[in-house]
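Single-letter residue listing:
Number of protein chains: 2
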Amino acid sequence: MERKRLDEQIASKGVRLTAQRRAVIASLQEADVHLDAATLLERARQRNPNIDRATVYRTLELLKKLGLIDELDLMHLEGEKHYFEAKSVRGHFHLACFTCGAIVEYTSSTFEQLKQEITSEHGFEIQVVRLEVGGQCEKCRRLPRDSQLSESGEHTPRAVSQKA
Amino acid sequence: MERKRLDEQIASKGVRLTAQRRAVIASLQEADVHLDAATLLERARQRNPNIDRATVYRTLELLKKLGLIDELDLMHLEGEKHYFEAKSVRGHFHLACFTCGAIVEYTSSTFEQLKQEITSEHGFEIQVVRLEVGGQCEKCRRLPRDSQLSESGEHTPRAVSQKA
DNA sequence: CTTCCTGCAAACCTTTTGCATGCCT
DNA sequence: AGGCATGCAAAAGGTTTGCAGGAAG
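Line by line, the protein sequences give chains A and B.
If you count by numbering that gives the first Met the number 0, then the first sequence holds residues 0 to 163, one letter each, in order.
If you count by numbering that gives the first Met the number 0, then the second sequence holds residues 0 to 163, one letter each, in order.
Calculated directly from the structure, the hints in this document are not laboratory data.
Heads up, a few of these hints could be off.
Since the list gives no way to pick out one identical chain from another, each pair is judged satisfied if it fits inside one copy or across any two copies.
Only pairs whose alpha carbons sit at most 16 angstroms apart, straight line, appear in this in silico EDC-like list of lysine to aspartate or glutamate [to be verified]: (1) LYS64 x ASP6; (2) LYS138 x GLU120; (3) LYS86 x GLU60; (4) LYS114 x GLU137; (5) LYS138 x GLU124; (6) LYS86 x GLU29; (7) LYS63 x ASP6; (8) LYS3 x GLU137; (9) LYS114 x GLU84; (10) LYS80 x GLU104; (11) LYS86 x ASP6; (12) LYS3 x GLU84; (13) LYS80 x ASP31; (14) LYS64 x GLU84; (15) LYS86 x GLU1.
Could you build the full structure based on these sequences and the hints that come with them?
Shown next, in the form of C-alpha cells:
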C-alpha cells in the first residue's frame, strides 16, 4: 500500500521538527507493518537512543492533528493499544484474522463508493474513516484448526476470542 | 435501528442468567444510546444496587462470546472506553461528528455489498465488522464554528481533536 | 525573553484478574 | 460436593500530564 511521505507533507505545511521527532517519523514511515507506540519507540531509539515515550506520543499527536496518519485498533487482536500508519494515497482498510493474526490490507472501489455516498447523501464531511473487519482468513478456513499457529512467526494470534 | 432482543436470544441458546446479569442485560437492551461500561453499571444499579463493575464486564464478555452485541469505539470521541449495543438485524455503522459529538447510525446497501465482496472475492469469513466515520455533520458544517456546543445537552463534544 | 521540546516520574482511565465467599443444582 | 457467579481490591496496560531543565528563535 503506497503511503504518503510524512516528512515532505510536514515540510510543506511549514512545520519544523526536532531531531527526536524526525527519528520517530522516519521510523514510522519506513515500517513495513503497522506499529504500536511501544514498538515505534523502540525503533526510534535505534536512531536516537534517548527518546522518551512521551515524545513518541506527542509526535503522534502532532501527526494526527495534521491529518497525516491513521490510528487503528486492528480489532483489538492484541489488547487495547493502537497502531499507526501514514495515510495511504487511496483509502484502504484491514482484514484481521482471529485465528492466525494476519492483517491484510484491502482496497475496493465499493469502499470508495460508500464514502462518496456518505458525503453526498448525508452531507457529512468525512475526516477519518476506520473500517476494520475481523474473522477468519481463507487460509485458516481451509486448514484444520490451529495448524496455522506454528507455521510462521510473522503472525501472533494473541487473542482468538473476538473483542468487538 | 431495530435490535435483537437479548434475553430471548440468550434463552434460545439455553444459557441461564442470574438476577444481576439480567439487570445488566436489560439495561443494555433498553438503552436508547450506546452505553459505555461505566454508564451501564450505573443503570444496572438502578435495578439492582449492589452490582459490581466486574459483573458488568463479565456479562459483556459473555454477550460478546455469544455474538449478541457489538463493541464500538465511536472514534474515541471521549477517550478509550468502549460502547456496546445489541446487534441490529441489519448491519449499520456510525458517523461521529467531532464538532458536536453527535452519533448518527447509518445503513447502506453499498455497505452490504462491500461485505459481500470481502467474503466472495477474498475468501474471508466475516465475524465482526466495525466501520466508524469521523468528521463533521451537516448541521455543524453549515453553522459558524462552535455555535453547536451550547445548543443541546444531548451531545458532549469532549474532544474536538480527532483521535483517529 | 519567550516559546516550544524534552525526559522523567507520576497520574489516569478503563479493563482484567485473584481471591474468598456464597448460591444453586 | 461441584461448579459457576459475585464483590472487593489490586493489578495491568496503554496513554497522558505536571514539572523543571534546555534548546532554539
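Item to complete: Check each numbered hint against the structure and report the violated ones by number, ascending.
Response: Violated hints (numbers, rising): 8, 9, 10, 13; every other hint is consistent with the structure.
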